[in-house]
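Q: In case you want the letters, here they are:
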Amino acid sequence: MSNNQEAVGRTRDEMAERVALDIPDGSYVNLGIGIPELIAKYVPAGREFIYHTENGLLGMGPPPEEGGGEPELINAGKRRVTVVPGASYFHHADSFAMIRGGHLDLCVLGALQVAQNGDLANWSTGQPDAIPAVGGAMDLVAGVKQIFVVTQHCTKQGEPKLVEACTYPLTGLGVVNRVYTDLAVIEISERGFQLVELSPGVDFDYVQARTGAPLLAIE
Amino acid sequence: MINKQIAGTAEAVADVFDGATIMIGGFGEAGSPIELIHALIDQGATNLTVVNNNTGGGEVGLAALIKAGRVSKMICSFPRTANSTVFPKLYHSGATKLELVPQGTLAERIRAGGAGIPAFYTATSVGTPLEEGKERRTIDGRDYVLEYGLTGDFALIRGRMADRYGNVLYNKTARNFSPVMAMACKTTIVQVEDVVDGGELDPEAVVTPGIFVNRVVEQKNPAYESVLIADGVSYP
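For the record, the sequence lines run as chains A and B. Take 1 as the starting number for the first sequence in this note's numbering and just add one per residue. Take 1 as the starting number for the second sequence in this note's numbering and just add one per residue.
In isolation and in its complexed conformation, chain B is listed as follows:
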């Protein structure tokens, strides 16, 4: 019988290894899998490459992972956020490297990686500093740059609900990068507020089909970054 449900977050991230590439869902705090990230901090894996649109806020979730010195490289589109204080220090000291990718190119690189497409051409960044070092090609009279697909070892994702097959539904704009990250990683780990019985999710409404998901963890009452920051929490 297929049952992808795992008892807890610690068990779900137990096999993350040093040097792994980890895609973490979320745009700002919407969709940020805070409990899975905290379990990863406890687990101890280091020298990680992390793919996320931002670099976290305050000293919780992704920002706490970076502060703990576990992230050697960030791949993201917008590392500056109003309450992002951890990344700037490590960036300026050279401890954490940055690969800056336009947001749409980032999403498409992940989608392509998950779809078995090694590279694609896009008009985004033509003639800008972010085109430097990339191959350019003219197609039907317009210039495009070559961008490579992106894959990862683990995806950490937050959904609204899932079933034992790994079918996932999201909450509003918390969906953001998660469906494409689920496609692009060897092991996709999803935390959801509710694991429902198999067959309960309407197949017409499933957003991420279970084939892209390996582990499901039920996490009731998940934390929100803004609430933790307002409460002055610094993890661990």
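Pulled out of the complex, with its shape left as it was, chain A reads as follows:
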């Protein structure tokens, strides 16, 4: 499953585990599809997160056993899920009031590109023949208190995903707070990409060479 050209840095599961470490106890969290979904497997001991799925459930639990579950209990990716004690159902306008009203603490999303000013592109590659589909991505980045991106550092073709300015259609302007990749943890600061942590076995020059904008060293 790895998109890496070289077997360096964190795996998808290790990236998810690393993100989970930075989520405070009691957070209300919305997890995007893909690597973000894996975060639910790595809740640190002693912490409790409540998962929101924008189709109308707070208190989403893990998937049911293979072949189990029910067709009208699903998540935003339309996969069957379960509920945990303390869960609630609500309609879409209430669900997006939680998002747009700033009630959710954190959203973790994938990305096509993140710019050094925090602009995010993650809904469209802009190909003229593609049918556009946006879902709740623009609502989430506009409304949730903190936006984390978890993604491979580069595309399968080896192009940087962390760039000076996004070339793909934007999802939101200046919305990303932090980026977790296979190679590093990077904060979007007023001065640009601020390195927070290198993955084990990775050095600064290696990450800088794979980043499309200046990387600020840890001081």
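Since the hints were made in silico from the structure, they are not lab data. There is no bait here: all hints are sound.
Computed cross-link-like contacts, EDC-like style, restricted to lysine to aspartate or glutamate with a CA-CA straight-line distance of at most 16 Å:
no.: 1; chain 1: B; residue 1: K97; chain 2: A; residue 2: D129
no.: 2; chain 1: B; residue 1: K89; chain 2: A; residue 2: D129
no.: 3; chain 1: A; residue 1: K145; chain 2: A; residue 2: D22
Here are the in silico distance ranges between beta carbons for each label pair:
no.: 4; chain 1: A; residue 1: L21; chain 2: B; residue 2: S234; range: 46 to 56 Å
no.: 5; chain 1: A; residue 1: G174; chain 2: B; residue 2: I117; range: 22 to 32 Å
no.: 6; chain 1: B; residue 1: I2; chain 2: A; residue 2: V83; range: 30 to 40 Å
no.: 7; chain 1: B; residue 1: D143; chain 2: A; residue 2: P200; range: 36 to 46 Å
no.: 8; chain 1: B; residue 1: T46; chain 2: A; residue 2: Q127; range: 30 to 40 Å
Everything numeric in this text was worked out from a predicted model, so none of it was measured. From the three backbone atoms N, C-alpha and C, an ideal C-beta is built for every residue, glycine too.
The hints should help you fit chain B onto chain A, whose structure is shown.
A: What follows is chain B alone, placed relative to chain A:
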């Protein structure tokens, strides 16, 4: 005496007219009123504008309505789904137009429409291609775009149970857009598995109050999109 119960799905959709705007509840297959949609296909109304989060799956329910050539425009947030094959063809041929709306903006436009609010400002889509052509305004230092309320002629909804007053309860995440769609349409038609006696529903638990509902149809053992697709069904 108030009694909103109608005998069958065909009678419930009999007056849908050509060119109508129809809001159809459901997110994927959860809450999709398949029997009402199939009755609408049989009824024959065409040139419809349909509001739904998606464009249906396989060749049943909403996808079958689109395949039958009855839908001239879709208003939705996510027209692509794993098993959605019908819409792409009609979209690329130009037969069915698409108005793409962010999911939360779609829900709020419907809610606003139902609440008599003609328009509102939201931060969603600021600075993106979906802001194009919309009015922008800065409020307390933050940029917002103007979005208009959305209303419809008919809402087709699937609930779990209802009473003769039109009070409706839903099943888990099948609730999704239905309560706001019920508010936003002139005629709201609900299919439920059970119609219970008036007074049997706990007023504390009613999700959609009867004032938003015009017709209730009992549909025992409703179909599920995924089951029909697995069985290879293509409607009609």
